[in-house]
Amino acid sequence: AQSVTQLGSHVSVSEGALVLLRCNYSSSVPPYLFWYVQYPNQGLQLLLKYTSAATLVKGINGFEAEFKKSETSFHLTKPSAHMSDAAEYFCAVSGETSYDKVIFGPGTSLSVIP
Amino acid sequence: DSGVTQTPKHLITATGQRVTLRCSPRSGDLSVYWYQQSLDQGLQFLIQYYNGEERAKGNILERFSAQQFPDLHSELNLSSLELGDSALYFCASSGSYRGQETQYFGPGTRLLVL
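Protein chains in written order, with my numbering: chain A, -17 to 96; chain B, 48 to 161.
The hints are simulated quantities; they were obtained by calculation from the structure and are not laboratory data. We put the beta carbon where it would ideally sit given N, CA and C, even for glycine. The reader is advised that the hints may include incorrect statements.
[Stated by the list, open to error] Which bits of chain A does chain B cover? Going by a derived footprint, with three or more residues having C-beta under 8 Å, they are:
| no. | segment |
| --- | --- |
| 1 | 23 to 29 |
| 2 | 82 to 95 |
[Said to hold, decoys possible] Computed cross-link-like contacts, SDA-like style, restricted to lysine to any residue with a CA-CA straight-line distance of at most 25 Å:
| no. | chain 1 | residue 1 | chain 2 | residue 2 |
| --- | --- | --- | --- | --- |
| 3 | A | 83 | B | 97 |
| 4 | A | 40 | B | 48 |
| 5 | A | 40 | B | 147 |
| 6 | A | 83 | B | 52 |
| 7 | B | 104 | A | 7 |
| 8 | A | 83 | B | 104 |
| 9 | B | 104 | A | -16 |
| 10 | B | 104 | A | 77 |
| 11 | A | 83 | B | 157 |
| 12 | B | 104 | A | 34 |
| 13 | A | 50 | B | 149 |
| 14 | A | 40 | B | 146 |
| 15 | A | 83 | B | 99 |
| 16 | B | 104 | A | 80 |
| 17 | A | 83 | B | 77 |
| 18 | A | 83 | B | 49 |
| 19 | A | 83 | A | 11 |
| 20 | A | 83 | B | 86 |
| 21 | A | 40 | B | 143 |
| 22 | A | 83 | B | 148 |
Isolated chain B, as found in the complex (with noise of 0.2 Å):
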């Protein structure tokens, strides 16, 4: 158990919908990452957040969008959504343990747009 919790595990939904992934990071990390994994495009990097700012942004699309709460855990929403948005999502989180920053990933939601 990697300590990042994401939920849901599975989502099924239609095109053109809007849906929220979220994730909850190991318990004192302040950076979120959300990656992308799918069939034609394999693992790609979508933003990071640390601290409640976005801190880097990489192949997120204008309909995709992130933000990270207070308490830490970050939200991706995916709007307008198509069938080339059925994918892998993941979430990573990272933080500094004995002088060495590791990150940890949790075990994805995978959606499925019919």
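Excised from the complex, chain A in its bound form (with noise of 0.2 Å):
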């Protein structure tokens, strides 16, 4: 059985201020892992995903997250946050093969103060 957590529903972080959201796993077998974002009123868009391949992974809009195996960890991670990155943001785990049968996660509602 897979699951994922999000610790914090809302973060709230200043502009140029470091982004830090966290999301732990749980997974009986080896996982594949992504991060989603759904700006307001907005359809979802895949920010990155971790494939086994390297567990530094860098995604789109300047976020990066890394995998940690021995922590279940893989917080995502953005060095200077901007305006247009208020969004909620959705760690999610998968199973067997890429996408298939995904289990998001509750997600984290991101502000960014001027």
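Two chains, two frames, a set of hints: combine them into the complex.
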């Protein structure tokens, strides 16, 4: 069985500050891990995914995430927050193949303060 | 614009009714995925089709069914609708681009059951 937890349903950062969104997963098989973003009143967008290659994954819009097996974590970071980063972020895990039977976390709403 | 289209954008119907949601994937993408986003359940994977065949099933109710047609568009049929089926329904498609499999989402269909 797989599950995802995201610490903090809401995170606020100042513009220009580091963004850190936390994700921990539970999986009985080697996981595929994803971060998705949902901008206000829009659909989802895939930010990045981990598929057992490099542990540090670079995504779009300056985001990256690091897979740490020992900590069962896949935290999302961005060095400098921009106002346009305000959105809902979802971490997700999948078991067998890419995008197959994805389990989503509850989401973290990111606010960026000018 | 992700290249994935969904119709209709909004749908209001009554309990007990049946509706059909339509999705057209990005040109060349063979896989189509359906997801449900509701306040109660969060984001859930429903079902995946690949080139006309069902590939994976998630938390899809028996009252729901889907299919993918030879032109690769997909339809999600929801029947005997209940108030709890009110949600945002997303479709996504995936394909290989420069050796990487990438997923793109449509804007969603917002269903309100009264």
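Quick one: which hint numbers does this structure break? Sort them smallest to largest. Those not satisfied: there are none.
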